[in-house]
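Chains as they are written, first to last, in the working numbering: chain A, 1 to 113; chain B, 1 to 113.
Incorrect hints may have been included.
[Claimed, not checked] When the alpha-carbon atoms are kept at most 20 Å apart in a straight line, the in silico EDC-like pairs for lysine to aspartate or glutamate are as follows:
{"no.": "1", "chain 1": "A", "residue 1": "K37", "chain 2": "B", "residue 2": "D28"}
{"no.": "2", "chain 1": "A", "residue 1": "K100", "chain 2": "B", "residue 2": "D28"}
{"no.": "3", "chain 1": "A", "residue 1": "K100", "chain 2": "B", "residue 2": "D59"}
{"no.": "4", "chain 1": "A", "residue 1": "K37", "chain 2": "B", "residue 2": "E62"}
{"no.": "5", "chain 1": "A", "residue 1": "K71", "chain 2": "A", "residue 2": "E42"}
{"no.": "6", "chain 1": "A", "residue 1": "K100", "chain 2": "B", "residue 2": "E79"}
{"no.": "7", "chain 1": "A", "residue 1": "K100", "chain 2": "A", "residue 2": "D31"}
{"no.": "8", "chain 1": "A", "residue 1": "K5", "chain 2": "B", "residue 2": "D59"}
{"no.": "9", "chain 1": "B", "residue 1": "K3", "chain 2": "A", "residue 2": "D94"}
{"no.": "10", "chain 1": "A", "residue 1": "K37", "chain 2": "B", "residue 2": "E106"}
{"no.": "11", "chain 1": "A", "residue 1": "K100", "chain 2": "B", "residue 2": "E17"}
[Claimed, not checked] Over 10 Å on every C-beta distance to chain A, these chain B residues come out as not near it, computed from the model:
{"no.": "12", "residue": "L41"}
{"no.": "13", "residue": "T83"}
{"no.": "14", "residue": "E101"}
[To be verified] Incomplete in silico selection of chain A near chain B, CB under 8 Å:
{"no.": "15", "residue": "G60"}
{"no.": "16", "residue": "F62"}
{"no.": "17", "residue": "K108"}
Don't read these hints as lab results, they were simulated from the structure.
Note that beta-carbon positions come from the ideal geometry of N, C-alpha and C, so glycine has one too.
Chain by chain, the residues:
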Amino acid sequence: DQQVKQNSPSLSVQEGRISILNCDYTNSMFDYFLWYKKYPAEGPTFLISISSIKDKNEDGRFTVFLNKSAKHLSLHIVPSQPGDSAVYFCAASDSGGYQKVTFGTGTKLQVIP
Amino acid sequence: DVKVTQSSRYLVKRTGEKVFLECVQDMDHENMFWYRQDPGLGLRLIYFSYDVKMKEKGDIPEGYSVSREKKERFSLILESASTNQTSMYLCASSLTPWAGELFFGEGSRLTVL
């Protein structure tokens, strides 16, 4: 039972354009959401997060949007750069209990120069 | 900077062997985790620990055990390795008692022949 879903395994975007990565979740208890970025042969690194009390969080070129009613979040990268090419994992958790973060299957982003 | 160190980057073991994967973090984090990453399946939680000598099963604990004798060290044990345990294993730690940012190690690529 995949509680966090990233339906696009891959995405290609031209440098300078917007990258939009999508994520859906099914567990209504999730109230904290994170995005991680992973380069080959490295561990994932935290990118940005959002609490369910907000619908948008911005950090430089990265913005995460949360639509609780649709159980959907998205990560926008503007403008996209070749160094953004990586696998992006969406993650979610229920902060009411002990920490247990559930990850999606990942989306491989390729930014074409 | 938080550093999470995994003892082996690459291991090759034979079916039936006992395998130890070691993880050490240097930031006094309470929580530690073991995930495995497989293509198309994302990161799946095997076990986590929120205190010394405490452990909780994740989503896929079968065939694995863990040990946390000291706060900084969390070990993953495969009692009798099988070919379906060939995977990338990722250790992580976090400070917050609720769902927050995870700090990952670089991963251990295990191949079971």
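Results of checking the hints against the structure:
{"no.": "1", "hint": "K37(A) - D28(B)", "result": "violated, 24 Å"}
{"no.": "2", "hint": "K100(A) - D28(B)", "result": "holds, 19 Å"}
{"no.": "3", "hint": "K100(A) - D59(B)", "result": "holds, 10 Å"}
{"no.": "4", "hint": "K37(A) - E62(B)", "result": "violated, 28 Å"}
{"no.": "5", "hint": "K71(A) - E42(A)", "result": "violated, 30 Å"}
{"no.": "6", "hint": "K100(A) - E79(B)", "result": "violated, 24 Å"}
{"no.": "7", "hint": "K100(A) - D31(A)", "result": "holds, 12 Å"}
{"no.": "8", "hint": "K5(A) - D59(B)", "result": "holds, 16 Å"}
{"no.": "9", "hint": "K3(B) - D94(A)", "result": "violated, 25 Å"}
{"no.": "10", "hint": "K37(A) - E106(B)", "result": "holds, 13 Å"}
{"no.": "11", "hint": "K100(A) - E17(B)", "result": "violated, 29 Å"}
{"no.": "12", "hint": "L41", "result": "violated, 6 Å"}
{"no.": "13", "hint": "T83", "result": "holds, 22 Å"}
{"no.": "14", "hint": "E101", "result": "violated, 5 Å"}
{"no.": "15", "hint": "G60", "result": "violated, 17 Å"}
{"no.": "16", "hint": "F62", "result": "violated, 14 Å"}
{"no.": "17", "hint": "K108", "result": "violated, 10 Å"}
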